[in-house]
Structure formats: structure tokens, C-alpha cells
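J.: Protein chains in written order, with the working numbering: chain A, 29 to 666; chain B, 6 to 329.
Hints are computed from structural coordinates only; laboratory data are not their basis.
Just so you know, not all the hints are guaranteed correct.
Each computed BS3-like pair below joins lysine-lysine, with the alpha-carbon atoms no more than 25 angstroms apart [unchecked claim]: (1) A:LYS464 <-> B:LYS229; (2) B:LYS13 <-> A:LYS128; (3) A:LYS604 <-> A:LYS629; (4) A:LYS232 <-> A:LYS206.
Partial selection, computed: residues in chain B whose CB lies under 10 angstroms from chain A [claimed, not checked]: (5) GLU172; (6) THR203; (7) LEU230; (8) ASN231; (9) LYS321; (10) ASP323.
Okay, the calculated bits of chain B under chain A, using three or more residues with CB under 8 angstroms as the criterion [unchecked claim]: (11) 159-166; (12) 213-226.
The beta-carbon is built from N, C-alpha and C at its ideal position, and this holds for glycine as well.
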Amino acid sequence: MKRNTAILLILMLLGTTTFAQQNYSASLIPPELMPYASAVVRSQEVTIQVKGLDEVMYHEKKAITILNKNGEDAARITLFYDGLSAVKDVKGVCYDEFGKPISKFSEGKMEDEYAYDGFSLFLDRRVKRYVPPVTSYPYTIEYEYDIRNKQSLDFDQWEPVDRFGLAIEKSSFTFICKPDYRIRYKEFNLADKVIEGTTKEGLKTYSWHVANVKAFRQEPFSPELDTYTPSVKVAPEKFSFGGMTGTFTNWQQLGKWMYDNLQRTQTELSPATMQLARDLVKDIPDPKMKAKKIYEYMQQSTHYVSVQVGIGGLQPISAGDVDRVHYGDCKGLANYTKALLNAAGVDSWYCEVKAGQKYNTSLLPNFASADQSNHIILCLPFKNDTTWLECTDQYCPFGYLGDFTDDRTVLAWTPEGGKLIHTPKFTPQQSLESRKAVFAVSDAGELSGEMTTSFKGSQYDNRYSEVTESSTERLKQIKEQYPINNLEIEKLDLKQDKSLDPVTTEYIKLSASEYASATNGRISFLVNPANRILNAPRDIRNRRTNVQIVRGYTDEDEITYTLPAGYKLERLPLNKHIEKPFGRFEARIEFKGDKLVYKRKFELLDGTYNKDTYQDLVDFYDAVADADAYSAELVKGN
Amino acid sequence: MSTDGIGKAYDAHSGSVADINLALVAALNSVGLNAEAVMVSTREHGFVNKLYPVINDFNYVIAKVNIGDESYLLDATDPLLPFGILPMKCINDKGRVFPLSKPSYWIDLTGLPQKEKTTYNYELTLQENGKFKGTMTRYSSGYSAYKTRKAIKKFNSTDEYIESIGEKFPKLKILKADITGVDSLENVVAETYQIELTAFDGLDHTRLSFNPMIFNRITTNPFKLNERDYPVDWGMASDERYVVLIHVPSQYTVESAPATVGYALPNGGGKYLISVDSNSDNITYSSVLNFSKGIYDADEYPYLKEFYNKVILAEKSDIVLKKK
Numbered sequence: 029m030k031r032n033t034a035i036l037l038i039l040m041l042l043g044t045t046t047f048a049q050q051n052y053s054a055s056l057i058p059p060e061l062m063p064y065a066s067a068v069v070r071s072q073e074v075t076i077q078v079k080g081l082d083e084v085m086y087h088e089k090k091a092i093t094i095l096n097k098n099g100e101d102a103a104r105i106t107l108f109y110d111g112l113s114a115v116k117d118v119k120g121v122c123y124d125e126f127g128k129p130i131s132k133f134s135e136g137k138m139e140d141e142y143a144y145d146g147f148s149l150f151l152d153r154r155v156k157r158y159v160p161p162v163t164s165y166p167y168t169i170e171y172e173y174d175i176r177n178k179q180s181l182d183f184d185q186w187e188p189v190d191r192f193g194l195a196i197e198k199s200s201f202t203f204i205c206k207p208d209y210r211i212r213y214k215e216f217n218l219a220d221k222v223i224e225g226t227t228k229e230g231l232k233t234y235s236w237h238v239a240n241v242k243a244f245r246q247e248p249f250s251p252e253l254d255t256y257t258p259s260v261k262v263a264p265e266k267f268s269f270g271g272m273t274g275t276f277t278n279w280q281q282l283g284k285w286m287y288d289n290l291q292r293t294q295t296e297l298s299p300a301t302m303q304l305a306r307d308l309v310k311d312i313p314d315p316k317m318k319a320k321k322i323y324e325y326m327q328q329s330t331h332y333v334s335v336q337v338g339i340g341g342l343q344p345i346s347a348g349d350v351d352r353v354h355y356g357d358c359k360g361l362a363n364y365t366k367a368l369l370n371a372a373g374v375d376s377w378y379c380e381v382k383a384g385q386k387y388n389t390s391l392l393p394n395f396a397s398a399d400q401s402n403h404i405i406l407c408l409p410f411k412n413d414t415t416w417l418e419c420t421d422q423y424c425p426f427g428y429l430g431d432f433t434d435d436r437t438v439l440a441w442t443p444e445g446g447k448l449i450h451t452p453k454f455t456p457q458q459s460l461e462s463r464k465a466v467f468a469v470s471d472a473g474e475l476s477g478e479m480t481t482s483f484k485g486s487q488y489d490n491r492y493s494e495v496t497e498s499s500t501e502r503l504k505q506i507k508e509q510y511p512i513n514n515l516e517i518e519k520l521d522l523k524q525d526k527s528l529d530p531v532t533t534e535y536i537k538l539s540a541s542e543y544a545s546a547t548n549g550r551i552s553f554l555v556n557p558a559n560r561i562l563n564a565p566r567d568i569r570n571r572r573t574n575v576q577i578v579r580g581y582t583d584e585d586e587i588t589y590t591l592p593a594g595y596k597l598e599r600l601p602l603n604k605h606i607e608k609p610f611g612r613f614e615a616r617i618e619f620k621g622d623k624l625v626y627k628r629k630f631e632l633l634d635g636t637y638n639k640d641t642y643q644d645l646v647d648f649y650d651a652v653a654d655a656d657a658y659s660a661e662l663v664k665g666n
Numbered sequence: 006m007s008t009d010g011i012g013k014a015y016d017a018h019s020g021s022v023a024d025i026n027l028a029l030v031a032a033l034n035s036v037g038l039n040a041e042a043v044m045v046s047t048r049e050h051g052f053v054n055k056l057y058p059v060i061n062d063f064n065y066v067i068a069k070v071n072i073g074d075e076s077y078l079l080d081a082t083d084p085l086l087p088f089g090i091l092p093m094k095c096i097n098d099k100g101r102v103f104p105l106s107k108p109s110y111w112i113d114l115t116g117l118p119q120k121e122k123t124t125y126n127y128e129l130t131l132q133e134n135g136k137f138k139g140t141m142t143r144y145s146s147g148y149s150a151y152k153t154r155k156a157i158k159k160f161n162s163t164d165e166y167i168e169s170i171g172e173k174f175p176k177l178k179i180l181k182a183d184i185t186g187v188d189s190l191e192n193v194v195a196e197t198y199q200i201e202l203t204a205f206d207g208l209d210h211t212r213l214s215f216n217p218m219i220f221n222r223i224t225t226n227p228f229k230l231n232e233r234d235y236p237v238d239w240g241m242a243s244d245e246r247y248v249v250l251i252h253v254p255s256q257y258t259v260e261s262a263p264a265t266v267g268y269a270l271p272n273g274g275g276k277y278l279i280s281v282d283s284n285s286d287n288i289t290y291s292s293v294l295n296f297s298k299g300i301y302d303a304d305e306y307p308y309l310k311e312f313y314n315k316v317i318l319a320e321k322s323d324i325v326l327k328k329k
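Start from the sequences, fold in the hints, and give me the full structure.
T.: Right under this line is the structure:
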């Protein structure tokens with residue numbers, strides 16, 4: 029039945045006239061581009077033309093073939109716009125596997141909605157979306173559109189390989205401007221450098237292109253995608269933004285302009301609030317302790333709400349407004365905290381940062397542009413004691429930057445201009461999870477006892493979601509943390525010491541029936557109940573990227589088991605020691621009388637290692653997983 | 006739910022779920038079969054209110070065709086679904102059937118005849134270098150076959166799929182692979198892999214112990230709560246079988262092996278069996294894990310949790326070989 033329908037449809041389609049300019053048959057994709065590709069860009073042309081400081085036209089024409097379900101995201105068209113930009117003239121065609129057109133679409137067919145990001149209360153960005161209604165693969169979608177920008181502070185980056193599994197037949201980028209318009213540009217991973225030229229109208233052009241780029245696949249422990257794929261960033265020298273103009277060629281000048289035009293004007297507080305800030309710290313002589321007091325006041329009296337408005341999402345709402353409504357986004361809260369600190373006589377810097385847990389991306393030291401950050405934190409420039417504040421988290425200890433903003437270069441906006449500063453890094457030794465437990469194993473195989481774990485450094489936040497939950501939900505979540513069957517938690521105590529060297533401490537009194545299998549005078553149980561690595565990362569044949577361990581850490585476990593009298597160990601005791609450039613592992617047991625002591629130490633060292641190291645890393649994890657699966661086999665002996 | 010109408014969808018060869026399945030209903034009716042449209046709410050979308058009709062409670066349309074005393078539920082939006090099998094997302098509480106000439110009525114979408122069925126066959130020889138070598142075969146049928154086909158089709162070629170399997174387990178090396186039954190939807194998908202598996206450092210040991218559940222051992226209980234207020238909803242019944250045949254090297258004999266066990270859930274809700282058979286050259290381990298229902302009520306929960314405990318305990322036992 030279904031097959032007949034398909035044949036009928038093909039016959040009907042053959043009858044329609046085709047209007048394809050180009051042949052998008054999937055069979056014409058060069059075979060060398062197929063490995064690991066789930067979508068292939070057949071052709072892409074991106075043009076940016078600066079017509080004036082407040083008129084920048086962005087044009088893109090793209091044809092992309094989707095090979096399988098994994099490539100579906102690459103077919104979605106999402107065009108963002110806001111008060112400073114407008115989308116125009118969208119049109120496109122969908123083609124089937126053989127390159128025959130099956131449907132057309134234009135702007136009217138696109139959904140137009142608030143660019144709701146899932147957490148913002150309000151934002152003034154909107155998005156036009158189109159998802160091709162095609163269900164059989166492969167298919168091709170060809171489309172073009174214009175975006176008109178009323179600002180020239182930041183230009184979209186050309187980044188043809190913007191996802192894994194995407195191969196490129198050809199893609200080009202042309203930047204057009206008046207001959208006297210000066211730009212700076214930075215090329216990344218490009219074989220062919222820029223070609224400069226002149227149009228017949230006498231305009232200056234810069235163009236770049238790539239062809240036949242093979243798809244990258246996701247490899248565990250790989251560096252961020254854009255560090256090894258081709259791209260070009262362009263920055264203006266002269267620009268206009270929200271009705272203001274400016275010039276910059278380096279971070280110092282950009283930071284100065286941002287400070288003068290976007291931040292400085294937003295710091296006014298009511299006299300009453302300024303007095304309140306002064307009163308809060310009047311008996312505290314030490315500036316750092318003053319700052320702590322102000323910070324904690326801010327945490328108690330406000331909460332984070334994403335409100336992405338203001339000029340192009342770059343200007344904070346004024347400190348006075350945050351003071352009135354008691355909420356704000358990262359810019360608003362950082363700016364408000366800065367204003368309170370200022371009233372209390374403590375100097376601070378408003379800093380833009382590329383936040384993200386997975387990678388610690390720094391701003392490019394030698395290339396200033398306004399599109400490299402996504403978050404704001406505060407820096408307190410105390411002499412020899414630079415202190416950092418995350419202002420959007422009501423639970424964060426004073427002076428603590430977790431894995432969202434640690435160890436990366438940020439830009440401080442200061443009255444003297446922009447300054448690049450590096451945020452603190454925790455060493456693998458400082459990021460310590462340390463566990464001590466005293467357990468008993470009964471004749472029937474029941475495990476019972478007490479376990480205390482402390483979390484420091486970048487591991488301080490390992491229990492963040494539990495800490496912020498209600499007590500019943502907290503108990504459920506802690507149970508999920510431990511792979512112990514029949515786990516019963518009799519008592520749970522979770523404490524956070526928010527001093528300058530913060531520690532989270534978890535105390536659990538627990539029992540678990542049938543933890544050990546106990547039959548016929550034999551007892552066997554896993555000696556590591558709490559912190560097992562179950563699998564190694566997957567093998568990667570022909571790995572292409574280096575191995576990057578973004579954050580190192582240390583886990584230490586020491587568990588003392590008391591066993592029923594009269595048992596002896598039947599198996600060789602666990603005694604494993606591995607030493608690698610990227611990590612160390614030690615695990616052993618000692619059995620004496622009725623006490624079995626298990627000790628484990630796992631250390632991962634951050635750094636970038638050659639791609640050939642990867643096999644070694646897999647073997648390391650595999651050996652650790654084996655050691656973590658060690659079960660003590662005991663037999664009742666004479 | 007229908008956006009462009011079925012005529013247009015049919016012409017364009019593309020359309021929304023409702024377009025496609027209403028076109029299917031129309032096509033079935035036009036060839037003289039009795040077909041009805043069924044409105045359902047997907048799992049993500051929640052249950053429908055059975056007391057008051059609320060159109061927004063529904064977000065999906067499937068087809069129902071009645072042939073003799075039997076009726077079949079169909080979804081034509083996924084070319085990998087065999088006749089009469091619904092995708093998991095549609096198996097949710099009740100759907101509302103709309104016959105052409107009669108009043109509409111509810112249909113129960115739980116307890117459908119579809120089932121996940123997987124059988125694993127291993128035949129391995131322990132070699133002098135401490136590695137197992139042999140074949141691993143996985144047969145998937147029913148909904149499992151659909152899942153396997155879908156997993157394979159996510160890759161551009163079967164080779165890439167096979168590579169991804171080999172990469173998942175660092176100890177496993179796939180020497181050769183053969184996959185059959187992918188293209189004809191009614192067939193069993195059979196994946197046969199010639200494998201080598203790193204197990205021991207050579208064979209010079211007094212004792213060798215290994216777990217016969219090589220890749221699919223259950224080690225943690227999915228159920229951690231003491232009580233539960235909501236049913237456990239797996240959508241459909243399932244059946245998983247393992248047969249592992251190991252050829253033992255001549256200098257070794259089987260010292261101990263997992264015990265034969267059998268557990269069952271109350272009222273025929275499921276069973277777990279292990280049987281072990283050994284002689285001087287071979288050891289055969291086989292197990293069956295069967296859940297006969299898709300949904301278990303909250304008051305069946307303690308049994309289900311304890312059942313998993315028993316499975317985990319049973320799967321802890323190793324096979325131990327001793328040097329002669």
C-alpha cells in the first residue's frame with residue numbers, strides 16, 4: 029500500500045515543472061565528504077556590507093543537504109532580530125533526494141516569536157524560525173535572507189563549520205565597505221588567506237573561502253569546536269551603537285568606551301540606599317570584609333531574573349531600578365553591587381567574561397571585539413588580593429568563582445580603559461573531594477555505618493542542587509548520587525562553610541540490606557560503594573583533535589569495614605597504582621583481623637595533550653573502572 | 006492539527022502528522038477497509054481529560070484499521086515502523102477514536118500487543134593470550150527491531166554504526182560484522198559480530214574469574230524510593246534472553262559457576278531465570294528477563310524493586326575456572 033503511494037507521488041512530481049537552478053541531487057556530494065557527515069553544506073555565500081555606521085546589511089544564501097536524522101538541526105533556520113536589526117526577504121525551496129523541488133517557503137511561513145530562551149522574564153529579542161516539514165532523508169533546503177543592522181559595533185562571525193557532523197562543499201564570506209572604512213580581522217584555521225579587491229562601484233572587498241571540509245565528529249575530551257574549524261572575525265574601527273559612536277583598535281579603548289557609554293551612566297542610587305550601604309559597613313575597618321558584608325546584603329535582597337533588554341543586550345539596567353524591584357540579570361546585579369560597594373567606599377570593576385562550565389574560554393588577547401563574552405562578574409582590585417564576585421547566585425560564597433567563570437581571561441571596564449585580567453584557577457589538588465567512611469558488613473550482607481564527604485575548590489558546588497532543594501527532595505537526590513542498592517539514609521546533614529576557602533560537607537548515616545552477597549559462609553561485596561567510575565570514554569579510531577582536560581581534580585576515598593569474625597580473604601588484595609602524564613590512580617585494600625581498609629585516590633591533571641595520548645587515557649579509565657569493580661571475596665575459614 | 010489539508014500534503018509528499026495519518030485513513034477507506042482516525046496525546050504532552058472534551062489535550066493523530074475482529078493502530082509518519090506498531094511516544098493512556106458514521110469513543114493505548122524482544126547469543130573461546138574470541142549475535146524483534154533500525158539509520162553507513170558499537174567498549178574489538186534484516190520491516194534484525202575481548206593478562210593464573218553477563222549486566226537498581234505514588238510505565242512488555250557458551254581451555258576446569266535460579270513477579274507479571282550447564286570443555290550460561298506488562302501499578306512497586314534486587318544479586322556471581 030505504502031509503496032504504491034510512493035510510486036504514484038514520484039509520477040506526479042515528474043509531471044511538475046522544475047525550477048531548480050542548480051542540481052542538488054544527494055548523489056552529487058563528493059564521496060570523500062560523506063564519512064561522519066549527517067549534513068553537507070552544498071554552497072554558502074555570506075556577505076556583510078557596511079553602507080553606513082548605522083546601516084549594515086547581512087546577506088546569506090545557503091544550500092544544505094540533510095543526510096539523516098542526526099543532521100536535522102542543521103536544517104532549521106533561526107534568525108534573531110531586535111530593536112537594532114530587522115529580517116527581510118526570506119525565501120527558500122526544499123528539494124528531495126534527487127534534487128527535485130518539493131515545496132517553497134517565504135518569510136510568511138516562518139514562525140515569529142519572542143526569542144524565549146527558557147529562563148528570561150522578558151527580552152526584546154525576537155526570532156523567526158523555519159523547520160522544513162520533510163521526513164525522509166536525504167533532502168536539501170536552499171534559502172536566502174537579508175538582515176539589516178542599525179549598529180556597526182559587532183559583525184556576525186563567519187563560521188561555516190558550526191556543528192559536528194557537518195561537511196562543507198563550498199562556503200565563502202565577503203566583507204564590503206567604503207575604501208576608507210577601516211577594519212581589523214582575524215582568521216582562524218584557514219588554508220587560504222584573505223583576498224582583497226574592489227567592486228565595480230569602487231567599494232573595497234575582503235573575501236575568504238573554504239571548500240571540501242570534512243565533517244568533524246564529537247570526540248570525548250576534545251577542545252572547543254571553533255578552536256580547530258575555519259572562521260573569520262571582523263571588528264570595526266569606527267562604529268555606531270544605539271545612537272552613540274566610537275572608535276577602538278584594542279581592548280583598552282573598547283573597555284573605555286563601554287565604561288563611559290554603557291556602564292558609568294547606570295550607577296546612580298537613591299541617597300537612602302547609599303546611606304544604608306554606608307551604615308552596613310560603618311563598624312568594619314577592612315575593605316575586604318566591607319565588600320563581604322555588601323555582597324551578602326545584595327544576595328539576600330535580590331534574586332537573578334534574566335531581563336534581556338537595554339541597548340543590544342549590552343547595557344545594564346540602572347542600579348536604582350534594581351534597588352527598587354530587587355531583581356536583575358547578570359549585568360543589572362553586577363552593576364547594582366558595584367554601586368553599593370562604591371557607596372561603601374570599596375572600588376570594583378565591572379568585567380565581561382565568556383562563561384561556561386565545559387570550556388574555560390578566554391577573550392582573545394590580541395583581538396578586541398564586542399562579541400566574545402556572555403556574562404558579567406565583578407572584580408575587586410585589592411592590592412595583592414584580587415577578589416572576584418559572582419552576583420547572580422544567592423548561595424555563592426563571597427569571593428568564590430566556580431567552574432562557570434574560573435581560569436580565563438576577562439575584560440574589566442574601568443575609568444582608565446579596558447584591562448584584560450585572568451580569573452583564578454583551582455589546582456587539581458585544591459579541587460578535592462575527600463570521603464571517609466566507617467562501615468560494618470553483617471553476616472547477612474547488610475552494610476551500615478557513617479560516611480562523611482567534603483568538597484572543595486571547583487568541586488565545592490558538587491552538591492549545589494541538593495543544597496537548594498527541600499529536605500525530602502534532597503534525600504531523593506542524594507540517593508541517586510550513590511550506586512548502592514537498597515540504600516536507606518537514616519540521617520543526612522549537608523553543610524556549607526562559606527568562608528574564603530569554602531567547603532561543602534556531607535554527613536550520611538546509612539544502611540543497605542543485601543549490599544554484600546552472603547551465602548554458605550562466603551561474603552563478597554564491592555569495596556568502593558560510593559565513587560566508582562563505571563566506563564572508560566569510548567574508543568576513537570583515527571582521532572583528529574588533541575586531548576583537552578579543562579579542569580583537574582582529586583578524589584580521595586578511605587573506607588574502613590568491620591567484618592564478622594572468622595573470615596579470610598580468598599582473592600588477591602586489590603593493589604593498583606597507575607601514573608600517567610594526565611593523571612594518577614591508586615587503590616588498595618588491607619585486611620587485618622576483622623578490619624578491611626580500602627583506600628583510593630584518583631587525580632586528573634588539566635592540560636592539553638597530544639591526540640595520540642587519547643588511547644592511553646582510555647586505557648587509564650578502563651583500568652580504573654576495573655579496579656573500581658573489585659569485589660572482596662571472603663570465606664569463613666578455620 | 007492538520008495544517009494544509011490532506012490533499013495538499015499528499016501532493017507535496019510532506020505534511021504534519023495529522024496530514025499524513027488522515028491521508029492514510031482516507032486511503033484505507035477508499036480501498037474498502039474500515040479505518041478510523043484516533044486523536045492521542047503523546048507522552049511528553051501528558052494525559053487527556055476523560056471527563057471533559059478539551060481539544061488542546063490532544064496533539065497527535067494516528068489511524069486505526071479494523072479487519073475482521075482485529076484492529077490495528079498505525080502511524081505512517083515514520084517509514085521504519087512496521088504495520089501495527091506505534092512509536093513509544095503515542096503509547097499513553099487513552100485515545101479518542103473518530104469513526105466516520107458513528108459517535109466517537111475511547112480506546113485504551115496501554116497493553117497493546119507490541120513488545121520489545123532481544124536475544125543475545127555468545128559463543129566464545131578463551132585463548133592462550135587471555136582474550137576471548139568468537140561470535141556475538143543480537144537478534145532484535147518487535148519494537149526492539151524498530152529501535153535497532155532507527156539506531157543504524159542515524160549513521161550514513163552500516164560501517165559507521167558498527168564502528169560506533171566497537172568504540173563503546175574499550176575491551177571489545179570487532180573483527181567482522183554482518184547485519185541482516187534491516188530493510189524488511191517484518192523481519193528480525195540479526196547483528197553478528199566476530200569479536201575479540203580482552204579479559205586476562207595471559208593464561209598463567211591459578212584461577213580465572215569472569216562475569217558471564219559481559220555487556221548487559223544490571224548493577225544498580227533503577228528503583229531507589231521506598232514507596233511510589235505513580236505507576237511504573239514502560240509502555241510495553243519486554244523480553245531479554247542471553248545464551249553464553251564458553252569453550253574452556255584444556256588446562257582449566259570449572260571450579261564454580263552461578264547457581265540456577267528462578268524468580269517471578271506476582272500474577273505472572275514477569276520472570277527471571279538463570280540456568281547453567283557445564284562439562285569438561287564447555288560452560289553454557291543462559292538467562293531470561295521477562296516483563297509481561299507495560300505498566301505496573303504503584304502497589305506492585307515493592308515487588309518490582311525486590312525483583313530487581315534479586316536480578317542484581319544473581320548477576321553478581323562469576324564463573325571461576327581453576328588450573329588443573
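J.: Each of the hints needs a verdict: does it hold here or not?
T.: So, going through the hints one by one against the coordinates:
{"no.": "1", "hint": "A:LYS464 <-> B:LYS229", "in the structure": "holds (23 angstroms)"}
{"no.": "2", "hint": "B:LYS13 <-> A:LYS128", "in the structure": "holds (17 angstroms)"}
{"no.": "3", "hint": "A:LYS604 <-> A:LYS629", "in the structure": "holds (10 angstroms)"}
{"no.": "4", "hint": "A:LYS232 <-> A:LYS206", "in the structure": "holds (6 angstroms)"}
{"no.": "5", "hint": "GLU172", "in the structure": "holds (4 angstroms)"}
{"no.": "6", "hint": "THR203", "in the structure": "holds (9 angstroms)"}
{"no.": "7", "hint": "LEU230", "in the structure": "holds (7 angstroms)"}
{"no.": "8", "hint": "ASN231", "in the structure": "holds (8 angstroms)"}
{"no.": "9", "hint": "LYS321", "in the structure": "holds (5 angstroms)"}
{"no.": "10", "hint": "ASP323", "in the structure": "holds (9 angstroms)"}
{"no.": "11", "hint": "159-166", "in the structure": "holds (count 5)"}
{"no.": "12", "hint": "213-226", "in the structure": "holds (count 3)"}
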